[in-house]
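Keeping their order, the protein sequence lines are chains W and H. Everything in the first sequence is counted per the numbering used here, starting at 2 for the first residue and increasing by one. Everything in the second sequence is counted per the numbering used here, starting at 49 for the first residue and increasing by one.
Careful, some of the hints might be misleading.
[To be verified] Far from chain W by the CB rule (all over 10 Å, computed), these chain H residues:
#1 L92
#2 V216
#3 G219
#4 F645
#5 T646
#6 L652
#7 A670
#8 G690
#9 L719
#10 C723
#11 N743
#12 S771
#13 F774
#14 S778
#15 T800
#16 L809
[Stated by the list, open to error] In silico DSS-like links for lysine-lysine, alpha-carbon gap of 27 Å or less:
#17 K765(H) / K106(W)
#18 K153(H) / K106(H)
#19 K54(W) / K765(H)
#20 K153(H) / K340(H)
[As the list claims (entries may be wrong)] Among the chain H residues that face chain W by a calculated CB cut under 10 Å, a handful are:
#21 E109
#22 M591
#23 A593
#24 A594
#25 V596
#26 D598
#27 I674
Note that these hints are calculated values from the structure, not bench results. All C-beta atoms, glycine included, are put in the ideal place defined by N, C-alpha and C.
Spelled out, the chains give:
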Amino acid sequence: MEIIMSVLAGLLFTAGVYMMLQKQILKIVIGTALLSHGAHLFIITMGKLNRGKPPILAEDVTNYADPLPQALILTSIVISFGVTSFLLVLAYRAYQTNGTDNMEKLRGNDHE
Amino acid sequence: MLHAAVLLPFLAAFFIPFIYRGVKQVHLGWFVLAVPILLFGYFLTFINGVLKGVHTLKTFEWIPSLGVNVTFFIDGLGLFFALLITGIGSLVVLYSIYYLSKAEKLGHFYVYLLLFMGAMLGVVLSDNLFVLYTFWELTSISSFLLIGYWYQREKSTSGALKSMVITVFGGLAMLGGFLLMSDITGTTSIRGIIENADLIVNSPLFTFILILVLLGAFTKSAQFPFHTWLPDAMEAPTPVSAFLHSATMVKAGIYLVARLSLVFAGTDLFFLIVSGFGLLTLCWGSYMAVRKTDLKAILAYSTISQLGMIMAMLGFGTKAAILAAVFHILNHATFKGSLFMVAGIIDHETGTRDIRRLGGLFTFMPITATLALIGTFSMAGFPLPILNGFLSKEMFFKSSLHFEHASPIVEAVSPFFPYFAVGGSIFTFIYSVMIFFRTFTGKQRDTLEKQPHEAPIGMLISPMILVALVVIIAIIPDTFGHLLLAPMVDSVTNLVVDPHIKFWHGLYNPELYMSLAVLIFGTLLYMTRTKWVRIYDVLPGKMSAAKVFDALMNGMVKGSEKVTNIYMTGSLRHYLVYILTFFIALLAITMSVTGGFTLSFDDLAPIALPEVMIAVVMAVAAFGTIFMNNRIAAILVLGIVGYGLSLLFVFFRAPDLALTQLIVETVTVALFLLCFYHLPDLDKEKSSSGTKVVNWVISISVGVIVTLIGIASHSTKMFEPISDYFIKNSYKLGGGDNIVNVILVDFRGLDTMLEILVLGLAAIGIFTMIKLRPGKKGGNE
């Protein structure tokens, strides 16, 4: 299962990177969202999948899923949510101010 | 006491601005004058000791842990240069009092000049390599400041920049050489290095060290091809040119070569480089000087060629050659210093230095003309017993004929040396004669801005003293030889010489005929100069070092601009491509080189159908976003990936994650949908097929690398996870059943706090971005 999940994380990275290489800001934001999904999947795969019960203490259970990656991912989800929403509004403002959402047109002068 | 002496100019430089502000009636130079005179008197007291072979050594601990101590050391060589610096320094300060009016920024001038004087004393008296280097760069900096003294003029600033670039380039190379030398010998003291000269000469890095150190000496002493900064440095006030660019700073390189000759001399490489470049500089400098029409430019090229001559003699390395070299250092300082001052007087009294506009000044300025006559003829080496230049030139000829150390290379090249020596001297003769005759004889021009007249007596004192020295040295050379030159030769070669300098060597000496040849050919060529002057269109033509330097500088600026423009395109995509390419290359290379990829099926969870199905759906949805041309569709498909992930979290026993992911995904999708009305519709991808291929190659490589790393790192679990601790202590220490939540708020609460901060910042950022509209209504609503 871990191998399949690694492949899936790789696929999410592929799609995310491809989107980030596009010109439109919205596509780039979507790319970052895909990338963070891939990263989260990657982290949880690095623990052990499907071994033991959910990490909530209960009577008679000795085998729990690894709680540490879960805590890390939880933090990461929130942060990536904050960044994604910030980027989204940034894209909105950039489009409103400049009248374009094409990164190639937002390049600025030659000497920057 | 010795430390105080070197410190004195710096101390005086510190107080100069206060005096300048406070005392307005008296010319500032009078206060400054006391410093070099005091020092000159102080250094005179060492002569007795040095004659007896007593070398004064004073140490002040500076950075003992690195072996860098301010150690000053007085032997023949150091003492001679110290006397030269303070002596000529006194005369130059005296001259500058009359040369610069009180309307100039005198405070700046004398501060820079005193800094230079102190730095130069530091260079010649230091025993520590790195202290020497420190003072060396300080002379470069103060010279830079002095050349750019009239900073409103463009030529001054460009000349200052050029001299800075070239001398600092050499200085840095020299530092490299010094570091290697101190590394090999294990000492930073010059005396220590001389004692361990064998280690350096036999080290495999010898060639490298020699070239680095000589780069420093050659750039500072304006040797070919680094001489190009010196003519441009003539934009400095004339007292500066006389002091720095003829008598003292340009001799720092000479000093360095002389000081280290006990280390390097005797090797073929040193002989070839130093004599070869010295002779080349001698010939090229004197050849170029003939073409110039500006008095100071002629003197600048003349300085270059004379320095080349001294350098060549240091390279010859025989006892006679070293004696001739040190003698010529003294002579050159006297006559060149006086000639610069004469040039300054002419400039001051007529308003021009261009010899095409000057002429017939003898009747107006008889004293100046007499001074110039003696100075130029001494420089030319005219055979009169009252001209010291002739004595040292004959010694130069003589030393170019005899070489002591025998090796095949020396024997192969040395027969050519006398011809170069005579050739360079012929041109020296021509420009020296030209300076005098074209300025002071011939027709008087009426185009001059001022009515020419004799200079004030104060201005004439310094050149008079120098010219008097020219004559005195020529009449009693042996006295100077015993007092100054013999101890110097002793410090350069460790040999005792008999400094008996004769005017007349008898009829059967080749140097006599060489001098006669110079005299005859020089006169002939001077008479016929209009006929052959066109040769200058051919030889310097496009090849002058100044043009090479300019082309190099321009080329570097343009080249770096081009290189920068190639990769700094301003396109986000390009930068991402660079970053990702390096990511891929570094990881792929590391993995394949270290054999980092491993695959083990030992510890895998069983494959379950629902999870695989979700994975397939997620993969399809992820790639779907790429091909969606409808923005709502793209957003919804992105949502599928997120919800799929939260389903996976459910399967993987992570209830909190599933919950959070579900909510966050919902909010994100809602946010996208809220925004989408304001965003433009997605374009169909219009990139060229080449770009597409690049994008695909890069993104697929990234995916493959990530997959490989995931598999490899899962297959090599190096140690047990620390999660057992959390599981065991969640209730006992944290008081909670939900282990993930206890980790978040208890075990690793700091992460959570900062994550809250991130969210808060994002919220504030979003708020300000929407609310604040600079450009509309003055900044906010």
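Right, here's what the structure says about each hint:
1. L92: Non-interface label on L92(H) holds, nearest chain W Cβ at 60 Å vs cutoff 10 Å.
2. V216: Given that every Cβ of chain W is farther than 10 Å from that of V216(H), nearest at about 28 Å, it holds.
3. G219: holds, 33 Å
4. F645: holds, 12 Å
5. T646: holds, 12 Å
6. L652: Not fine: 6 Å to the nearest Cβ puts L652(H) too close to chain W.
7. A670: For A670(H), whose nearest Cβ neighbour in chain W is about 4 Å away, the distance does not exceed 10 Å, so it is violated.
8. G690: The assertion about G690(H) is violated, with a minimum of 6 Å to chain W.
9. L719: L719(H) not clear of chain W: closest Cβ-Cβ about 6 Å, inside 10 Å.
10. C723: It is violated; C723(H) is separated from chain W by about 5 Å at its closest Cβ, not greater than 10 Å.
11. N743: violated, 5 Å
12. S771: The claim breaks: S771(H) does not keep its Cβ more than 10 Å from every Cβ of chain W (closest is about 5 Å).
13. F774: At about 6 Å from chain W, F774(H) fails to clear the 10 Å cut-off, so the statement is violated.
14. S778: violated, 6 Å
15. T800: violated, 7 Å
16. L809: Since the minimum Cβ distance to chain W is about 8 Å, L809(H) lies within 10 Å and the statement is violated.
17. K765(H) / K106(W): Not satisfied, since the Cα-Cα distance of roughly 48 Å exceeds 27 Å.
18. K153(H) / K106(H): violated, 37 Å
19. K54(W) / K765(H): holds, 21 Å
20. K153(H) / K340(H): violated, 31 Å
21. E109: Since chain W brings no Cβ nearer than about 51 Å to E109(H), farther than 10 Å, the hint is violated.
22. M591: The hint is violated - M591(H) has no Cβ within 10 Å of chain W, the shortest such distance being about 35 Å.
23. A593: With a minimum Cβ separation of about 32 Å from chain W (threshold 10 Å), the hint on A593(H) is violated.
24. A594: violated, 30 Å
25. V596: Where the cut-off is 10 Å and the nearest Cβ of chain W is about 29 Å from V596(H), the hint is violated.
26. D598: violated, 24 Å
27. I674: Check passed: Cβ of I674(H) comes within 6 Å of chain W, closer than 10 Å.
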